Amino acid sequence: MDYTRQEFMAIVTGRELKDGELAIFGVGLSMLAGYFAQKNHAPDLMAFTEGGVFGSTPVGGLPWGIECNRISANATSFTNAIDALCVLVGSGRCDVGIIGAAQLDKYGNVNTTGIWAEDPPWKAGRYTMPKSRLNGSGGANEIAVGCKRYIIMATHEKRRFAEKVDYISSPGYINGGNDREKYGFPGGGPSAIITTLGIMRPDPVTKEFYLESYFPYTTIDEVKENTGWDLKVSPDVKVVPEPTAEELKNLREVDVTGSLRKK
Amino acid sequence: MDYTRQEFMAIVTGRELKDGELAIFGVGLSMLAGYFAQKNHAPDLMAFTEGGVFGSTPVGGLPWGIECNRISANATSFTNAIDALCVLVGSGRCDVGIIGAAQLDKYGNVNTTGIWAEDPPWKAGRYTMPKSRLNGSGGANEIAVGCKRYIIMATHEKRRFAEKVDYISSPGYINGGNDREKYGFPGGGPSAIITTLGIMRPDPVTKEFYLESYFPYTTIDEVKENTGWDLKVSPDVKVVPEPTAEELKNLREVDVTGSLRKK
Amino acid sequence: MRNKLITMKDAVAKYTWDGMTYAHGAALPVGSDSIAFGREMVRQGRKDLNLISNCNSQQSNLLAAVGAVRRIEVGFAGLEVYGFAQGLRRAITSGKTICEDFSNGSIPLRLLGGALNWPFVPATINVGSDEQWCSADNPDEYPAKNKMPEVTDPFTGKTCYAFNVIKPDMAAIHVTMADIYGNAIMLGTEWSRYELSRAAKKVVLQADFIVDTDCIRQFPNLVRIPAEIVDAVVYWPMGVWPQCSVGVYDSDEEHMFAMNKALRTEEGTEEYVEKYVTSYQTREEYLDVIGKDKVDKLNDNPTTFLMDPYRKWILSDDEIKELEGR
Amino acid sequence: MRNKLITMKDAVAKYTWDGMTYAHGAALPVGSDSIAFGREMVRQGRKDLNLISNCNSQQSNLLAAVGAVRRIEVGFAGLEVYGFAQGLRRAITSGKTICEDFSNGSIPLRLLGGALNWPFVPATINVGSDEQWCSADNPDEYPAKNKMPEVTDPFTGKTCYAFNVIKPDMAAIHVTMADIYGNAIMLGTEWSRYELSRAAKKVVLQADFIVDTDCIRQFPNLVRIPAEIVDAVVYWPMGVWPQCSVGVYDSDEEHMFAMNKALRTEEGTEEYVEKYVTSYQTREEYLDVIGKDKVDKLNDNPTTFLMDPYRKWILSDDEIKELEGR
Numbered sequence: 001m002d003y004t005r006q007e008f009m010a011i012v013t014g015r016e017l018k019d020g021e022l023a024i025f026g027v028g029l030s031m032l033a034g035y036f037a038q039k040n041h042a043p044d045l046m047a048f049t050e051g052g053v054f055g056s057t058p059v060g061g062l063p064w065g066i067e068c069n070r071i072s073a074n075a076t077s078f079t080n081a082i083d084a085l086c087v088l089v090g091s092g093r094c095d096v097g098i099i100g101a102a103q104l105d106k107y108g109n110v111n112t113t114g115i116w117a118e119d120p121p122w123k124a125g126r127y128t129m130p131k132s133r134l135n136g137s138g139g140a141n142e143i144a145v146g147c148k149r150y151i152i153m154a155t156h157e158k159r160r161f162a163e164k165v166d167y168i169s170s171p172g173y174i175n176g177g178n179d180r181e182k183y184g185f186p187g188g189g190p191s192a193i194i195t196t197l198g199i200m201r202p203d204p205v206t207k208e209f210y211l212e213s214y215f216p217y218t219t220i221d222e223v224k225e226n227t228g229w230d231l232k233v234s235p236d237v238k239v240v241p242e243p244t245a246e247e248l249k250n251l252r253e254v255d256v257t258g259s260l261r262k263k
Numbered sequence: 001m002d003y004t005r006q007e008f009m010a011i012v013t014g015r016e017l018k019d020g021e022l023a024i025f026g027v028g029l030s031m032l033a034g035y036f037a038q039k040n041h042a043p044d045l046m047a048f049t050e051g052g053v054f055g056s057t058p059v060g061g062l063p064w065g066i067e068c069n070r071i072s073a074n075a076t077s078f079t080n081a082i083d084a085l086c087v088l089v090g091s092g093r094c095d096v097g098i099i100g101a102a103q104l105d106k107y108g109n110v111n112t113t114g115i116w117a118e119d120p121p122w123k124a125g126r127y128t129m130p131k132s133r134l135n136g137s138g139g140a141n142e143i144a145v146g147c148k149r150y151i152i153m154a155t156h157e158k159r160r161f162a163e164k165v166d167y168i169s170s171p172g173y174i175n176g177g178n179d180r181e182k183y184g185f186p187g188g189g190p191s192a193i194i195t196t197l198g199i200m201r202p203d204p205v206t207k208e209f210y211l212e213s214y215f216p217y218t219t220i221d222e223v224k225e226n227t228g229w230d231l232k233v234s235p236d237v238k239v240v241p242e243p244t245a246e247e248l249k250n251l252r253e254v255d256v257t258g259s260l261r262k263k
Numbered sequence: 001m002r003n004k005l006i007t008m009k010d011a012v013a014k015y016t017w018d019g020m021t022y023a024h025g026a027a028l029p030v031g032s033d034s035i036a037f038g039r040e041m042v043r044q045g046r047k048d049l050n051l052i053s054n055c056n057s058q059q060s061n062l063l064a065a066v067g068a069v070r071r072i073e074v075g076f077a078g079l080e081v082y083g084f085a086q087g088l089r090r091a092i093t094s095g096k097t098i099c100e101d102f103s104n105g106s107i108p109l110r111l112l113g114g115a116l117n118w119p120f121v122p123a124t125i126n127v128g129s130d131e132q133w134c135s136a137d138n139p140d141e142y143p144a145k146n147k148m149p150e151v152t153d154p155f156t157g158k159t160c161y162a163f164n165v166i167k168p169d170m171a172a173i174h175v176t177m178a179d180i181y182g183n184a185i186m187l188g189t190e191w192s193r194y195e196l197s198r199a200a201k202k203v204v205l206q207a208d209f210i211v212d213t214d215c216i217r218q219f220p221n222l223v224r225i226p227a228e229i230v231d232a233v234v235y236w237p238m239g240v241w242p243q244c245s246v247g248v249y250d251s252d253e254e255h256m257f258a259m260n261k262a263l264r265t266e267e268g269t270e271e272y273v274e275k276y277v278t279s280y281q282t283r284e285e286y287l288d289v290i291g292k293d294k295v296d297k298l299n300d301n302p303t304t305f306l307m308d309p310y311r312k313w314i315l316s317d318d319e320i321k322e323l324e325g326r
Numbered sequence: 001m002r003n004k005l006i007t008m009k010d011a012v013a014k015y016t017w018d019g020m021t022y023a024h025g026a027a028l029p030v031g032s033d034s035i036a037f038g039r040e041m042v043r044q045g046r047k048d049l050n051l052i053s054n055c056n057s058q059q060s061n062l063l064a065a066v067g068a069v070r071r072i073e074v075g076f077a078g079l080e081v082y083g084f085a086q087g088l089r090r091a092i093t094s095g096k097t098i099c100e101d102f103s104n105g106s107i108p109l110r111l112l113g114g115a116l117n118w119p120f121v122p123a124t125i126n127v128g129s130d131e132q133w134c135s136a137d138n139p140d141e142y143p144a145k146n147k148m149p150e151v152t153d154p155f156t157g158k159t160c161y162a163f164n165v166i167k168p169d170m171a172a173i174h175v176t177m178a179d180i181y182g183n184a185i186m187l188g189t190e191w192s193r194y195e196l197s198r199a200a201k202k203v204v205l206q207a208d209f210i211v212d213t214d215c216i217r218q219f220p221n222l223v224r225i226p227a228e229i230v231d232a233v234v235y236w237p238m239g240v241w242p243q244c245s246v247g248v249y250d251s252d253e254e255h256m257f258a259m260n261k262a263l264r265t266e267e268g269t270e271e272y273v274e275k276y277v278t279s280y281q282t283r284e285e286y287l288d289v290i291g292k293d294k295v296d297k298l299n300d301n302p303t304t305f306l307m308d309p310y311r312k313w314i315l316s317d318d319e320i321k322e323l324e325g326r
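Residue numbers (my numbering), protein chains in the order written: chain C, 1 to 263; chain S, 1 to 263; chain Y, 1 to 326; chain H, 1 to 326.
There may be inaccurate statements among the hints.
Stated by the list, open to error - Here are the computed distance ranges between Cβ atoms for each label pair:
#	chain 1	residue 1	chain 2	residue 2	range
1	H	278	S	246	54 to 60 angstroms
2	H	17	S	221	55 to 61 angstroms
3	C	220	H	157	44 to 50 angstroms
Stated by the list, open to error - Derived lysine-lysine pairs resembling DSSO-like cross-links, with alpha carbons at most 27 angstroms apart:
#	chain 1	residue 1	chain 2	residue 2
4	Y	14	C	18
5	Y	261	S	131
6	Y	9	Y	47
7	H	158	C	182
8	C	123	H	96
9	S	232	S	164
Simulated from the structure, these hints should not be mistaken for lab results. Please read these numbers as outputs of a predicted model, since none were measured by experiment. Every residue gets a Cβ at the ideal spot worked out from N, C-alpha and C, and that includes glycine.
Model the full structure from these sequences, guided by the hints.
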């Protein structure tokens, strides 16, 4: 079967979404994974974006943004940011979200704000400018706080998978265990990290992410080498089933511009 | 000149409103006074109701309510209660409001909630049921808290004009002086009580309402007799100028159903 | 997306129960409220309700008059130009119904707080008034300390106040138009229907018209209540009667007064219920109860032009019957 | 009601000043923002701005690139699929611009808090993250204590957190349609434009179309920004370019990338400003700068049907010129 790693990641992420759920998608990869699920196996997945764009499916290619014309052409409702992010997501009402990560750590914390050359703020005890300034949390913070569960998608590279992120833009399990309870988060936290190499899940007690399964084209050793913490591996670790022809067909009908096919 | 006391009261209230101001009107008498002002001398008075009905003038008679078809027929915007009452009024943004009163006191506190047969709650130290249950504050509380100034309209009767109201539904100057500051109210408080007999204004320091002027058909003694507290009278007390023919004409064009003409 | 069109009878049977916290919506005492839904609740004998009424309307007036309301939270308990709500007034004065007073701004803010899942809402209104100091839930404590308790502003150290939030078990909301999935358009003031639709755990819409989803896609900015948060849709023409639905029908002045007068007494209420609540089984019979001439007259009013842009998408009664209960 | 139509030049001269707290609105980095207004601010040399950007857009990207931004509060600093905002990134990384990070939900909530004149807004988002602990305004304090300080929930005694509120000096808000009084209709997501219009001390609208007030009276429920809170209206076609205005024109993919690339360097920025900011005097010249073919292409997109119900009320350029500056 001919597919890219990005395509596999999108399909595996899509498999996490169930019919009838209320879901919020971000822009880019996460939106493709979500609309793939809707097309493939979850026709009654109810999707909206953080702009409060409800009920739409993209027209004419991958949307440039969560508010652009490609996602607005057949919407059934346009509301606003507070409605989508605070009322429906931050409140704990939304079933599932998908977010991306520039950097993430073993407790599922996500950094999309900055990468520091030397000590990051939590280590330095002061907030200096990052070497590399990123986009900030956007609406991912609300998804991390409020969605009943959410999925983190990231290209599996050692520099992205850190022992501890430089900056928590969107909280996972923070320092592990029941740390989320300290802040009263209504959401349950990240249920999976889905990468270009495999699927990680949080340990039910420590909340440290371990390898649950890996993709057919890689090995456990390769996954561990590309992870910045000492990755634990499930005793029942499995190989993730390859995309079916049907899945690939449905994904490509969503990804009409082929943005995931670039290798 | 042939007019009713209600008509005079409405005209005198209307005279308090200035061109270009942002004003909120309640239902009934207060709305008639407001739209009279708009028609008579303040064409750019910007009016809205607590329903968030903006820019309209009544069609086909006195509106039954601040949301009804008679006030909705030519509106330029329909928003909602939070927008009108909290964002525009409670915040301190609105210039002027007009409210009614079932009972009011010398500090301009208004009761529209209940009349007690014996000791009211503040005296009894407990909250018993009133003998006569009234409507509650509606949106008048927000007007009292937030409007830069507001006008209280009431038929001048001793039982309505109490030393101290049974229940503060909408706060005037509470116990007088700077009492409003305790609660950080953004609005300035009631600027006038306009009755069927005259105009009362708050003393700048004590905030006790005194008689500033009275209507040509009454006397200072009659006003005092109909007031439940020992009403002070301005040394410069004046007689309020009678409605002009123009004013009456304009009022009656607003009050097409003649609700104020019933004697 | 699932077809959510069900009958009024089924909606009330499925989404209401004795003792529940029920909210109705509600554009003020003369405007859009899900009054037909309230009639059906009376028909099905619901009782012991904890009512969230931003404003009283003829619905809360009726529910209180028949003795179905244990407690009400309300910002305004009257009927505007139509006077005091006599059914509600009787229930409160007799002690049958406990009335916790707020204002017309604080009820929707507390619903918004519920929608946002906030611990509390900062209170800058109602403070210093007897809405703060009088609590029907704790009548022995005056001034009440916990109805709107103190909170310290962490930025200035000043004393401020807080409201608790509201999360009704269910809200029955009147809308002008809805599609079968529950995408809804309101004409006229929203009042607190947006906040109500988000704060309530379940949402049932009562619509004047069922429209094709093409109408929804043409006017997505008007769809302030999207299907995603709606559980059921009920089609009920003239469902706000005797109040008005802006853009559709006017309020029925004569019936407003007559109804309110009837609800003033127990006997009047019984008679009213017999004549106007239990007297019909179908939508057609309901319209007959109002009377054809009256319906025509109320539908001829100065706001009907507001419906013009949407008329071509209205489904017929036959089409709706076909879709109901699928 | 007063005619508030004025020229872009006059609007920027009258309602902006150096050092002000300026907010732009703003439907996300690719959508409706008052970008033409921002270009005019650059033309008039505004500097030392405290920028409130729910999201970065090409406007904040440009203003930061030319060095006009002292400080920015932002929920998202990128350009979605178009990548990092290179002008803003350069300004932040070089230390020219201080960036105080929040999220896309917390900025509008803080604007809502400003609109409500609240002392603070309960914070249930951003807490426990570095949005709470990192403060660019107080960089020496980690974890920051006062960016989102503790507040005690008076109902449960639990520790909660609070946001401060935002009240910009002025907001320039893009809308699809406005009448000459400032009644405005937005198509597509409002994002935080409702909150912004209420939180700001002054409001200037930048509209794609000027419509007759009859359009406003036909669709009052769409008028989420009423004339009563608007200070000035500016007509500027294609004013969101190179981003999109839903229902009207698409985003200009080519220019989005080119502009962002140019803003990456000082030299590129200078060149960009010369070519696309100071190169026109009139609306006609502005459209020429974009290019007729490009304009036509962008106006032919899958959302244009959303404008259909309103087209008959659009005023012509000649009618608008007649009304401007009266």
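Enumerated hints in conflict with the structure, sorted upward
none
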